[in-house]
Every structure is written in structure tokens, then in C-alpha cells.
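Sequences listed follow chains A, B and C, in order. Here the first sequence is numbered in the numbering used here, starting from 1 and rising by one per residue. Here the second sequence is numbered in the numbering used here, starting from 349 and rising by one per residue. Here the third sequence is numbered in the numbering used here, starting from 849 and rising by one per residue.
If you are wondering where the hints come from, they were derived from the structure by calculation, not from laboratory data. It cannot be assumed that every hint is accurate.
To list a few chain A residues with every Cβ distance to chain C over 10 Å, as calculated [stated by the list, open to error]: (1) ILE85; (2) VAL114; (3) ALA119; (4) ALA141; (5) VAL142; (6) ARG151; (7) LEU189; (8) LEU200; (9) SER255; (10) PRO258; (11) THR270; (12) SER280; (13) PHE319.
Ranges of calculated distance between the beta carbons of each label pair, as one might list FRET restraints [unchecked claim]: (14) ILE416(B) x THR859(C): 55 to 61 Å; (15) HIS453(B) x ASN1134(C): 43 to 49 Å; (16) VAL196(A) x ASN1134(C): 45 to 51 Å; (17) PRO51(A) x ASN1134(C): 53 to 59 Å; (18) VAL41(A) x ARG785(B): 53 to 59 Å.
Where is the CB? At the ideal position from N, CA and C, for every residue including glycine.
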Amino acid sequence: MAEPNNPLSTRGAAGGRPAGSLGVLDALTKWEVILLLIFLVVIAVSASISPYFLDLFNIMNTTFNFMEKALVALPITLVILCGDIDISVAGIMALSSLLMGAASAAGAGSAMLVLIGLATGLAAGFLNGFLIVRFSIPSIAVTIGSMSLFRGIAYAVLGDKAYTRYPRPFAYLGQGYIGDSAVPFELVLFVVLAVVFGLLLHRTTFGRKVYAIGNNATAARFSGVPVHGMRLLIFCLSGLMSGLASVLLTSRIGSTRPNIAEGWELEIITTVVLGGVAISGGQGNILGVIISIFLIGFLKFGMGLINVPGVVMNIVIGFLLIIAILLPGSVGRLRNRFLLRRQLRDGV
Amino acid sequence: MYDCVLECRKIRKDFPGITALDEVDFQVRTGEVHALIGENGAGKSTLVKIITGILQPSSGTLVHRGRIVEFRSPLASQAAGIAAIHQEASMFPELSVTENIYMGHHLTGGAARFLDWRSMRTRTRSLLERLELEIDPDTAVRDLSVAQRHMVEIVKALSLDAQIVIMDEPTSALSLREVQDLYKIIRQLRAEGKAIVFISHKFEDIYEIADHFTVLRDGRYVGEGPVAGTDIDAIIQMMVGRSLKQMFPKMQVPIGETVLEAVKLSRAGVFRDVSFKLRRGEILGFFGLVGAGRSEVLRALFGIERLEPGCGTIRIKGREARIASPAQAKARGIAYIPEDRQLQGAIVGMSIRDNVTLPMVDQLSSAGILNPRREQALTEEYGGKMEVKASGWEQPVSSLSGGNQQKVVLAKWLATRPEILMMDEPTKGIDVATKARVHEFISQLASEGLAILLVSSELPEILGMADSVLVMQEGRVAATLSRAEATAERLIRAALGETA
Amino acid sequence: MRRLLKRREFTLLLVILVLVAAISLRYPAFLSASNLYDILNDTAILFMVAIAQMMVIVTGGIDLSVSSGIALVGMSVGMLNQYFPGIPIALIMLISMVMGLVLGAFNGVLVSQAGIPPIIATLGTLSIYRGFVFVLSGGEWVSAHEMSDSFRNLPHGTPLGITNLLLSAVLVTVLAALFLNLTRIGREIYGVGGNRVAARYVGINLKRVDFLVFTISGVIVGLSGLLWVARYASAQNETAAGFHLPTIAACVIGGVSILGGTGTVLGVMLGALFLGIVNNALPVINLSPFYQMAIQGFVILAAIVVNTLVDQRNQRLMLRKRLL
Chain A
1 MAEPNNPLST
11 RGAAGGRPAG
21 SLGVLDALTK
31 WEVILLLIFL
41 VVIAVSASIS
51 PYFLDLFNIM
61 NTTFNFMEKA
71 LVALPITLVI
81 LCGDIDISVA
91 GIMALSSLLM
101 GAASAAGAGS
111 AMLVLIGLAT
121 GLAAGFLNGF
131 LIVRFSIPSI
141 AVTIGSMSLF
151 RGIAYAVLGD
161 KAYTRYPRPF
171 AYLGQGYIGD
181 SAVPFELVLF
191 VVLAVVFGLL
201 LHRTTFGRKV
211 YAIGNNATAA
221 RFSGVPVHGM
231 RLLIFCLSGL
241 MSGLASVLLT
251 SRIGSTRPNI
261 AEGWELEIIT
271 TVVLGGVAIS
281 GGQGNILGVI
291 ISIFLIGFLK
301 FGMGLINVPG
311 VVMNIVIGFL
321 LIIAILLPGS
331 VGRLRNRFLL
341 RRQLRDGV
Chain B
349 MYDCVLECRK
359 IRKDFPGITA
369 LDEVDFQVRT
379 GEVHALIGEN
389 GAGKSTLVKI
399 ITGILQPSSG
409 TLVHRGRIVE
419 FRSPLASQAA
429 GIAAIHQEAS
439 MFPELSVTEN
449 IYMGHHLTGG
459 AARFLDWRSM
469 RTRTRSLLER
479 LELEIDPDTA
489 VRDLSVAQRH
499 MVEIVKALSL
509 DAQIVIMDEP
519 TSALSLREVQ
529 DLYKIIRQLR
539 AEGKAIVFIS
549 HKFEDIYEIA
559 DHFTVLRDGR
569 YVGEGPVAGT
579 DIDAIIQMMV
589 GRSLKQMFPK
599 MQVPIGETVL
609 EAVKLSRAGV
619 FRDVSFKLRR
629 GEILGFFGLV
639 GAGRSEVLRA
649 LFGIERLEPG
659 CGTIRIKGRE
669 ARIASPAQAK
679 ARGIAYIPED
689 RQLQGAIVGM
699 SIRDNVTLPM
709 VDQLSSAGIL
719 NPRREQALTE
729 EYGGKMEVKA
739 SGWEQPVSSL
749 SGGNQQKVVL
759 AKWLATRPEI
769 LMMDEPTKGI
779 DVATKARVHE
789 FISQLASEGL
799 AILLVSSELP
809 EILGMADSVL
819 VMQEGRVAAT
829 LSRAEATAER
839 LIRAALGETA
Chain C
849 MRRLLKRREF
859 TLLLVILVLV
869 AAISLRYPAF
879 LSASNLYDIL
889 NDTAILFMVA
899 IAQMMVIVTG
909 GIDLSVSSGI
919 ALVGMSVGML
929 NQYFPGIPIA
939 LIMLISMVMG
949 LVLGAFNGVL
959 VSQAGIPPII
969 ATLGTLSIYR
979 GFVFVLSGGE
989 WVSAHEMSDS
999 FRNLPHGTPL
1009 GITNLLLSAV
1019 LVTVLAALFL
1029 NLTRIGREIY
1039 GVGGNRVAAR
1049 YVGINLKRVD
1059 FLVFTISGVI
1069 VGLSGLLWVA
1079 RYASAQNETA
1089 AGFHLPTIAA
1099 CVIGGVSILG
1109 GTGTVLGVML
1119 GALFLGIVNN
1129 ALPVINLSPF
1139 YQMAIQGFVI
1149 LAAIVVNTLV
1159 DQRNQRLMLR
1169 KRLL
């Protein structure tokens, strides 16, 4: 936490620079830059290992694999910035897909399905938010429960069966491209929403309040920030985007099974934390998360090209997560050492 | 003469940007209650933290029973027989009284060296009885009142066979009866030959219980002496450094119409039938012992804890108002400077600019989009008015001194252009120079037509600043006095619950 | 007596009794001794791992990696038994516990030394350990006929009248209860979870406590891994997938606060028992086992909300009693 009266405290202000700027070193050790470097390394190594890597078509196509996760990572960034967590997102996706499948089996059209998917997500998110805010229950406890509940409903209804009949136009959302280009619709949708979330977080009063809540919810409330309302809203947003991701995923796979997106919550949280968002809240930005999304996405793509099995990929991601936490600490200490040395030299 | 069991010689403690203690001498003797007096920010807590091993001195020596010592950790200080009782109980709320006392040094017994709960419980019971406390050792601490928790902390100190017991503002949050109980316990400890250090800035404590006093001011040792026979004015002079009149130049301000009226405000178990009127240009002081309910009344007025229906009315400019959240209070022109600067007042991890603009962030934006130019302008205007000393508005508030942090809090609320300003211990923990500036500023605000509610436990501050004083005692209004009627003695008596 | 009645565990016990009674009224076979015995056996591993989880949660942390730990140790000893069937079972037990200890210690180091928040550290090891199951097995399973008889019989053997499985659960429970209530470090766990700062001030070594709970958790997970694959006579890549959730559920239902500082072994036992009864009851009342997860989730939410409401009500009563 911030140390009072300590100019060496590197806990950065939202959107601002901490005291004791070091110029170039400061810029270089920023987490986003490090991520970018790692990203470039991943690209370089993958490209050298496999000739298929730098094929534009392949690159575009591989984004299909992680765009849905990417979409959910956006609101989760907000959730974690607020000091909360939402482990139920994948469960919401399952529930949403279930209801879409049931509606489709009953003859609903594509537009209706999208609506149902989104509405389910929103309702689920609202349930989470309500329990968390109204009863002041830690979000980890509620979302562990709701995660089981939501996915459990899918298992209870479907068991080992599946919904496989979806209207043909529905498939466009998850499988389609923009016009005749190689650019997937999902990718474009993500880019648009990423920009929206980025602006929301960094250019609006809403975003400023999110940072305030994450840094000190009590002081934020005392300053007139509607903390309860905002947290509820953010969980609704998380649910809604999970619903959207479910629409795209269901459309892409073309079927609904209860284990859809199983385990995704962990990878999404990993992505966000790797992106530099502190798990305790109040620190981090969208850019880091976006870089992290593509870093992990392409890392998995590269590993897939050399036939690394999925579970082993998870080992790498697991280590990446741990290192992500360790690094800012040691990087921070490194900066402190340089700062101190400079202060001693300057006789400050 | 009494044995000097602990001596502080020329203790100095520097923090980046501030010297908290400047060559302070302090002696603790057996069988004596020694009051360590000083205003907020004088350095009392810092000195205690050094004695209890939480902090290390930058220079100077500690002498314990004639030998030079260094307490590198709280444990080392404890081992030397020093026990401190803090303001905020450092307890384990879910665990029993017995366990709170023995955590860290549980008693073991038997061949298997299992915990000996029976002995611990018995000893706890006997310790509690020794102090005539009716507390069941098996009660969970979270079920105890604040006063009872204090008592348990004392028992904890005794269980460690402490020879030196340090109490930091122990009468905060205690009712009158509980204060008397505490005094009785202190007298008993003194009779047993223990050395007691009693930190306070309240004269009533000092005169009731202390044998000797030492005054600190701005981190420096000012003087000491026996309590008996020393005039209260002399002590005040030492504490404050100048006469009361000099410190608070009270401006003559025309008092206008009533802007805030509270009618029989009540909250079960906290305060009852609190009524008052606040007018433009007026400074209404709220005095009382900590725990009297003043902060709670302010919190109700600010919407932090909503008032139950039927528990009183709030009228703003004549019209009844239901205030259910700080956002609503802010919209009605009320600003609140809370007591706990770091936890409630400022968001120390964010920049000065982000802090100052936070309450107004919606108004400064264009349809929700942040407007950096307007934010900068606002920050410069109010940060400048408050004379916040910082190298840049982007600096995180955590890097500022206590006084400057408070200025940021003031700036942020003044930026909302409130009509009613409520301040809860605004100069707590601030150096005297900044304190004076803040007081000047408050007077100026009053002259500009603001209605000010000032909660303070510092008599000089209340007596110097307030146009009228409302004294609270155990949740009720004990007295309402005009400036002319308010004297230190009357205020203290009312706060203690003594009538006339 | 009144205090006994107010205790959370007592209420939970009542709920369990009512539940059993309700089911038995409709389906008398449920209340048979053999069925109850089955329930206990089915829930034995949950008892053990939930206790491990409890210790971590009481210090204020959480261990998401228990499911992967069970799988990794299970696969390891399964393969060991497959390729070296001559190794005595006692030694295999020892190996499983040592291996579990190492896995737990790794978590412990990440949390206590590297200062990584437990949820993140165990999120990472959840993936890492699960991945290593695959690396070890190459995707292959160890199936029943590849296991030695003594291996497969371990959980079922009844040298002392009850199955070894149940015996392990009893031992772990008793040892945990002794540890948490009658040893200094056991109480320090509660201290650390109750008020970290105060714990430091009274001289408790926070790092040691953090490290210890994960390590002990690991030992229990190791033993459970062996018992799991032996009982189901199969070591797969997906073994125990998602099992960390019921362990957390058992704790939450049993009154362990997710924030740390409170919780009893009895409560966790009852919480696990509750889940075990629900699971066992599903086929009895003709609900497919696929309903398990949903019911679990619902029960967790219900338990949390009820516990919170009760706490808040108690706080209000306390405040009113302490009228200045």
C-alpha cells in the first residue's frame, strides 16, 4: 500500500506519473512496455520456428480462438480495478448458451437468440451484483457460488446432451468475415468494444470513479461517488459481456454443451492480471490488458503450431501469471535503487 | 525518590520531509503516572512507537534500568516489560478474550506440550477479577464494547507482567463511568509499583490521575513538572506556545439566516434528540469527549448512514431534506471533511489533481467525458488557495505531509462551493504553523458566508474559533453555549456530564 | 446451553437432520446403515481436502490448486505402481504425502516469500500442476488392471473395522482438530487470519504460518490423491477436475469466513457432510447426478447470504445492547 511521506513510493496515480520520475528508465520499465517486448519476442521466436506463423490468413484466423475471452477480459478489467473479482463469467456463458439453445430449439430466429443471450448475461450479472452489494458479501464468495449455480443449471438441463440446431444466419456472428476480407467479424467487434472500454476507463468520469473506488472505496464514497451503484453496474456489465461472448462462441461452435467455455474464467483473469492490473484494485490500464490478450493468444497459437498440447500450454500460462506478479515487485525495487543512487549523487 | 526505569535521551526521529521528534528527553519512573501531553502532531505517538519498538530513533538513546538498549521490534520492547495499549485496539475480533490475551504466548502444559486452556482461562479470569471487570473470558472480543476492549488490552499488558504500561489516549470512546473505572485501575497499578505513561491532550485526564507531566510541542521537549500545584494556563501555554487570543484571530462576521436546522436527530444506541440551528457566517463548535456521538451526527447529516424514518428531521434553507448518500448531501451544498484523512478524506494512491477534482468530476466534464483543461484550472485555483506545497499536481497525495494532505482534502471540498461545511477534527496531527493557516482560512470562509460546523476535541480550537458551542455527552446535547458563555471549565464540565 | 444453540454448527446440524429426515420419509432406504456408510465413504476425501482448504482460508488465503494437486500426485503414484508394482503400499503412501508436501510447499513459497496473493499463486499452480499431469502421463491413463491389487484395495481394506478411506478421513479430522485447537501454531493460524497486523505485533511469524498452512494442505492433498485414484481404480488427466470448488463450498457452508479468522473443523465436516448427503440423495430422489453442481452452487449462495444476514443481525443487537 502507499507509504505516507515517502517520496520513493512508486504507487502510481491513475493516469498520472508517480513522484520521482526517471524519464527513459521510467518509460522502459513500465509494465506495458515490458509486455510489448515479451510480445515481440514471442512473435519473433514463433516466426522463426514455424513458417506458418506470419501468414496473414493464419494470424487472422487464430484470433477466432481468443476473441470471446478477449471480450470478457474488458469488463473484468473494470471489475478487478474496482477491487472485486468475478469468477462466474464462464458459468454465465454456459447459462446464456443454454437459453439460446433452448430458444433455438423452440424456433427462435437469430436476432431473438442474440437478445436472449445478452439478456441472460445481464440478468446473471445483476444477480451477482445484487448479492454482493446489497449484503456486502465479498465478491469472491458470491461468484464462486454463482459460477457453480449457472453452469450447474446447464448441466442439470442438458446432462450429456447438446443443443445443436442453430439457424444458419446465426453462424455469421462467430464465424463470419467482414465482406470479402480476411478480417473476422469477431475481431472487428472486439476492436470496437476495446476502444469503447478504453475511452470509458481513461476518458470519462465513470473511469475516474472506478479508479477512485479501487484505490479507496471509503474515501470515494465520502467524496460523493456512488460506490454501490457503480459496483452493481460493473457486475451487470460483466454479465452482459459474458452474454455477448457466449453469443459469439455458441455461434462459432454451432452447438451448446454444458461444458462450454469451461475453465475460461481462470484464463481471463490471468490475462487481466498479466496485463498489469493489480489484483487489489486501483492500478492498471486497458492497453496492458489488450497487449496481454494478444500476447497470450499468439503464444498459444505459436505453441499450437509446434503441437504443444493444450494442457501444457496452460503450464506456460500458469508460470506467466506468477512471473507477472513477481516482476513489478522486482522492477519496482530496481527503480527504487536507481532513484536512491541518483538522490545520493545529487545530494538530495 | 522513585526509580527511573526508562529514560529517553535526546531522541530524534526524522521522516522524509519532516522531523517528528527533535532531541526529546523523557523519563518514566516506578509508581508514578506520567502524563505525556501535547497537541495533535506534537510527537507523542511517535515517541511511544519508539519506546515500544515499532519505530527506531534516528539518533538518541534509550536507557532501560540503567542499561542502554535498542528495541528493534515490538517483541523486544515487550520482553523488557513494556506494554502499550493503543487507541485502536489491536485485537482479534473473532477470538475470545482469553485468546486475545494469550495470542503469541499461549501457555502450554503436559507431556505433549499441548495448549493449557484451563490455566489460561483461570489466569484470565483472575486478572479480570483483579481489575473488577465483569467480562466472561470466553466472550468473543467483537461482542465487547470499545471500553471493554480497552480493559482487555490492559489485562493483556498485565498478563505480560509489564512493568511499564503506556496508554495512548485511553479515555477516547469511554463513557463517564468507564473513565472512572479506568482511573481506578490506573491507581491500582500505580500502587503496585508499575510505571504508567499516559498520553493525552485533555486536561481533565491530567488533573484527575497524573502525578507528573511532560509537554511536547512540534516534536520538541518544552517542559515538565508535577501536576499538583501547576496552573492549567501554564500548561496550556507550554502546549500551545502562545496565548489563546493570539492563536485564533477571530474575525467579526455578520451572521445571516439559518441554512441548516437539525430537529431531534436520533440513532439507536448512538445519539438522541440532537437539535441545533446553523446560520450563514456562523461557526458552530461541537465539543465533547471522543465517542460522545459528534462524528456520528455529522455522518448522518452527510448521508453516510441514513437516518431512520421518524428519527428526526433535517431542514436545509427551510425545506425538509432526506439525505441518503454523500452524493445527495453534496448536491444540497453540504461538504464534509472527515476525521480520518488517510482512510476517508483523501485517496492517497491518486494524484492531487484527481483528488481535488473528484467531487466535482461530473460538473467538470462534458457529457461524461473528462475535461483535463477544466480539471487543471480547478486544481490550480483551489490547490493554490489552500497553498498546497507540492512539486506538481500530478504528484500522488501519499507523498505529501499530513498538513498538505489535509489541504488537499479542504481544496477538494471547497471546489464544490458548499454552503455548509462540516469539519471533523480538521487540524488533528498537523504542525502548528499549518494549523494557524487553516484556522485563518476557516474564519475567512465564514466571512464569505459559509455556515461551518466544527467538531473538535481541542479546547483552544473551540474556544478560539466558535461563535457558539454545542457540547455532546454520551449521545445527547449536554449544553449549548454562546461564545460569551463558553469557558474551558464549562465546556469540560458539560462534556463530562456534570450539570451547572 | 443457549450459547450452544446459537452456534452456527448446531444450526447446520439441524438442517442436515431435517434434510435426511425429509428424504427418508419418502425413501426409507436412504436411512439404512449401509447407505449412510456409503455416504461417509463417498465423502471421505472431501472431508480431508476441505479441512486442508479450511486451514488456508482461515489464514485469509485460498487454495485453488488442490484439484490439480490430487490429480498430479494420483497420476504419479498410479504410474509408479504401474511400473513398479513391487513397491510396498506403505512406501507409496509416504511418497504420495511427500510429493503433496512439495507441491504445497511450492505454493507456500510463492505466497510467503514471493508475496504473491494466494488466489493468484494457486490460480497459477492450478494450471501448472494440471499441465504436469499430462506431461507425466503423455495423455495416457492408468487403468484398473494396470494397478496392483494391494494398490486398488488400499481404500477399501478394513483392518480396523472401517474402510481405510474412512479411517484416513477420521485421522485427518482428529489430527487437524488437535492441531488447530491445542497447539500454538494452530492458534496462530487464527491470529494471522483475524488481524494480520496485530499478529505481527505480538510476535507471530507471518511467513512461517503462511508457508505452513500450504504445506500441510499439500500433505493432505497428496494422501487424497493416492486414495482417489486407488478408490476409482483409475488415474486420468481429468481426475478431480474442479474439485477445489466443493472444498471451498464445504468451508463456506460450514461457517468459515472467506476473509479468514474464523471456522471450526466441526463446521467444515458438517458442510462436507451436507454436500455428501445431497450428492447421495440425488439418485435416490431420481434427480440425475447432473444436478449436483447447480445444487452445490445454490447451497453456497444460500449459506453465504444466511451467514451474512445472521452476522449483521447479531451486530445490530450487540450495538443496541451496548447503549452507551
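Verification of the hints:
A Cβ of chain C approaches the Cβ of ILE85(A) within 10 Å, the least distance being about 8 Å, so the stated non-interface status is violated. Remark: the non-interface label on VAL114(A) is consistent with the geometry, its nearest Cβ contact in chain C lying 25 Å away (cut-off 10 Å). No Cβ of chain C comes within 10 Å of the Cβ of ALA119(A); the nearest lies about 20 Å off, and the non-interface call holds. Listed as a non-interface residue, ALA141(A) fails to keep its Cβ farther than 10 Å from every Cβ of chain C; the least gap is roughly 4 Å.
For VAL142(A), the condition that its CB be more than 10 Å from all CB atoms of chain C is violated, with the nearest at approximately 7 Å. In this structure ARG151(A) is not separated from chain C by more than 10 Å, as the shortest Cβ-Cβ distance comes to only about 6 Å. Annotated as non-interface, LEU189(A) keeps its C-beta farther than 10 Å from every C-beta of chain C; the closest such distance is 28 Å. Distance check on LEU200(A): its Cβ is at least 26 Å (rounded) from any Cβ of chain C, clearing the 10 Å threshold; non-interface status holds.
Separation of SER255(A) from chain C is adequate, the least Cβ-Cβ distance of about 17 Å exceeding the 10 Å criterion. Under the 10 Å C-beta cut-off, the non-interface status given to PRO258(A) relative to chain C is violated; the minimum distance is some 8 Å. The non-interface label for THR270(A) is inconsistent with chain C: the shortest C-beta to C-beta separation is roughly 7 Å, within 10 Å. At the 10 Å boundary, the C-beta of SER280(A) falls inside the reach of chain C, the nearest C-beta of that chain being 7 Å off.
The claim that PHE319(A) is not at the interface with chain C is violated, since a C-beta of that chain comes within 10 Å of its own (minimum 6 Å). Range check, ILE416(B) to THR859(C): about 58 Å between beta-carbon atoms, so the 55 to 61 Å window is met. Taking 43 to 49 Å as the suggested C-beta distance range, the pair HIS453(B) and ASN1134(C) does not conform, at roughly 57 Å. Range check, VAL196(A) to ASN1134(C): Cβ separation about 48 Å, and the 45 to 51 Å hint holds.
A C-beta distance of roughly 58 Å is found between PRO51(A) and ASN1134(C), which places it inside the suggested range of 53 to 59 Å. One distance hint, 53 to 59 Å for the beta-carbon pair VAL41(A) and ARG785(B), holds here, with the actual separation near 55 Å.
Figure legend: structure checked against the earlier numbered hints; hints not met, in rising order: 1, 4, 5, 6, 10, 11, 12, 13, 15.
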